[in-house]
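K.L.:
The primary structure of each chain is shown beneath.
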Amino acid sequence: MLKYIIRRIIVAIPVLIGVSVLCFIIIQMAPGDFLDQLRINPAISKETIDKMTHQFGLDKPVVEQYFMWLKSAVTGNFGYSYSYRRPVSSLIWSRAYNTFILAITSLIFSWIIGIGLGIFSALHKYTAADHILTVLAFIGLATPAFFLGLILLYFAARTGTFPITGMTSVNHEHMTTIGKIVDILKHLFLPMLALGLIRLVGIMRQMRGQLLDVMHEDYVLFAVAKGMPRNVVIYKHALRNAINPLITMFGYALASLLSGALIIEIIFSWPGLGRLIYNALLEQDVYLVMGSLLISSAMLIGGNLVADILLAWADPRVRLR
Amino acid sequence: MKREENTAKNLEDSFERQYLSRTQLLLRAFKKSKLAIISFWVLVFFYIVAILAGFLSPYDPYVNELKSSYSPPTRIHFFYNGKFTAPYVFKTQTIINPLTYERSSAERLELASIRGRNNNKQFEFTKDKVAQIDLSIREIINAYTDDGKKVELSNKTKTVNNLLKNERGILTDKRVVRVYKDRYMIDAYRDSFDYGYKLQGLKVVKIVRIFTLDSIMVMTNDFNIHTISGSTVKIDNYTFKRYPIKFFIHSWRYHLLGIIPSTLHLFGTSDDSRVYLFGSDKFGRDVFTRILYGSRISLSIGLIGVAITFSLGLFLGGISGFYGGITDEALMRTTEIIMSIPGFYLLITLRAILPMDIPSTQIYLLLVIILSFIGWPSMSRVIRGMVLSIKKREFVEAAIALGLPKRRIIWKHILPNTTTYVIVAATLSIPGYILGEAGLSFLGLGIREPQSSWGLMLAQAQDTYVIAHAPWLLLPGFFIIVTVLAFNLLGDGLRDAFDPRSLGM
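Residue numbers (this note's numbering), protein chains in the order written: chain A, 1 to 321; chain B, 1001 to 1505.
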């Protein structure tokens, strides 16, 4: 198992280097650089700009610039954010942490509710409740996350129950520890719901389909035939087998959450990685864009790795291969 | 009896299986899924609407009309005084609450004709004689304290040429009384700049507003003004100006199918009344019109994007799978790298590095190219896998043995075998392009004002204040959902139809 994980990590390194090369090429293609804003500012002398050009290595050839960046990136230094005037790595880590909180909570929310509803609708196949859930699922699968976000924003604005912007209240610093946690959870609720509900329907449909498939397997029929209680058959025999493909989905969901989180973060002003990269792009903050693209890619690759490990853990057939 | 029916059906089935062509069988299988058929016709309808957008929209999508900013959907009336009539609308008006400064919109009713008595003298002004009827209304505001004392806050007359619906009573009763007892209204009066100082230190329990009709001024078409005033005025009958909805009228200019100049529109209203089916946006543009124009972007970007992605995917996937070796390695590693960057992150990065201030047609092309760039890797990986397995089949080996050129083998023998998959996958991946465009436009990185796109229209609804007061701005989202849903269901139907088991083969 450990060997498997190590092998996967080693394979991921060239991919990450490839990602960084690709990002670097894309960013080099952009017209101008972030010093352009300073060049048009008459208050800044030419010497200062020359000094900064030299300091950031902008006067060197592109290939050399890339290796300079790579050398420092390996040691954990992703350069200096121009617009935030802070090292990129510290900026990214705090933001990545916020995105991670959002992603994980919505993941947990969607998985618990999704699997529950999936089991419910499989066990109540073709009843009114099942039909309603199916229709909702189809609509949910067609709804863009940002539109759901806007609808939630609408209800929040009408009722005023939940805060709608940011991650903390103005008086967050003066709260007790428990108050602080409650405050963050309150702010977290709507973006989490927007992200989670979209995921939920997919999981629900998958769970329903899998469980219905498994219910016709011989071992389930045998368990029923030998007179086992229905609950034991469902939860011990059928469910354990039906859930395997969903475990693979879990890891990939973690990865695709990153993309979905971007717009949600912008709508709800959640200080996460998506919003950071959006602003960095608008400001042409090269190193910040590079850093966040790389970290988000690493998170995606990590998510896929987690998916494979989870599957290997749950399904011995995969492990033996 | 039942068994006989079944055998008859079976016989027919086996007959069809034997003698119908593959296309007929496919059609037969496809027709079995009702949802897919419905989705198909919904999409056909949407495409026709998108093509005829200019004819169907009552107003110019690019002309601002700040007077009717955030006007709610216009109410279309079918009844007048309980009688069924041709559809008509009233003019609408923005009202600013003098106490809270909140804006709202309401129908304004203008008098068209009036008949009544004054001092037992009959007067009558019919619709064809009247130019305008003004009403002079006196408004008295009184506040009552808990010990029964009365404080007069205001006593003014104003002249209006229209009434709000809930003020209609003034014509028949000549006197309307409103009583406010709730805390919110009383506090609003207490906090207001005009009346607040009169209520200092008093415990107000209710506010009473009394409206009385002072006089009626009728301007006739020959520019005579008749003033009817006095306490003995009694109005027997009156009508309001109605603005009928007209069909096939000539108004703003557009190009039908992009070439034929035309001014003919399906519907509209007369004079300066407006009919906003879905309300209007911040700049007073008709949301209905802009949804129709926006549908052109959303409906076409998917088709064009898929066409580009699939040509690229088929070409690169085909080469990669057929030749193998170093080409295959290089291509597959590239796809892996592109797929390792979260899709939407890559999307906005690519968009952000490309120039922003370019003409809208070029932005559209850029979006298509960017969306296709994100889409091709997964596509070519699947095609590669399919080519690898088809390559080992006998008919390909035979073609190689016959010495056919490789290009011909790929295009004529291998790729046609992926058609089924490609059609289904193409239909199912169109929603991705629609959502991608909507998302980019929503973030301000896609289609730009004054052009219209569903995502861009939703961007206006990001503001909490706007969204709470003009929820009709969310409507484009429902069109996105319906379109995406239709493509999903159509794709599912096609997949089931192409499944060999459903063909009965």
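Accuracy of the hints is not assured; some may be wrong.
Among chain A residues calculated to face chain B with C-beta under 10 Å, some are [stated by the list, open to error]:
(1) Ile247
(2) Ser297
(3) Met299
Hints in this document: simulated from the structure, not taken from any laboratory.
Computed from a prediction, not measured in an experiment: that's the story for all the values here.
Quick reminder that beta carbons are idealized off the backbone N, C-alpha and C, glycines included.
K.L.:
Now tell me if each hint is right for this structure.
P.N.:
Evaluated hints:
1. Against a cut-off of 10 Å between C-beta atoms, the interface hint on Ile247 (chain A) is violated, since the closest Cβ of chain B lies about 21 Å away.
2. Because the closest C-beta pair between Ser297 (chain A) and chain B is about 5 Å apart, less than 10 Å, the hint holds.
3. The beta carbon of Met299 (chain A) is positioned within 10 Å of a beta carbon in chain B (closest approach about 8 Å), and the interface hint is therefore held.
Going through the hint list in order, the structure does not satisfy hint 1, though it satisfies all others.
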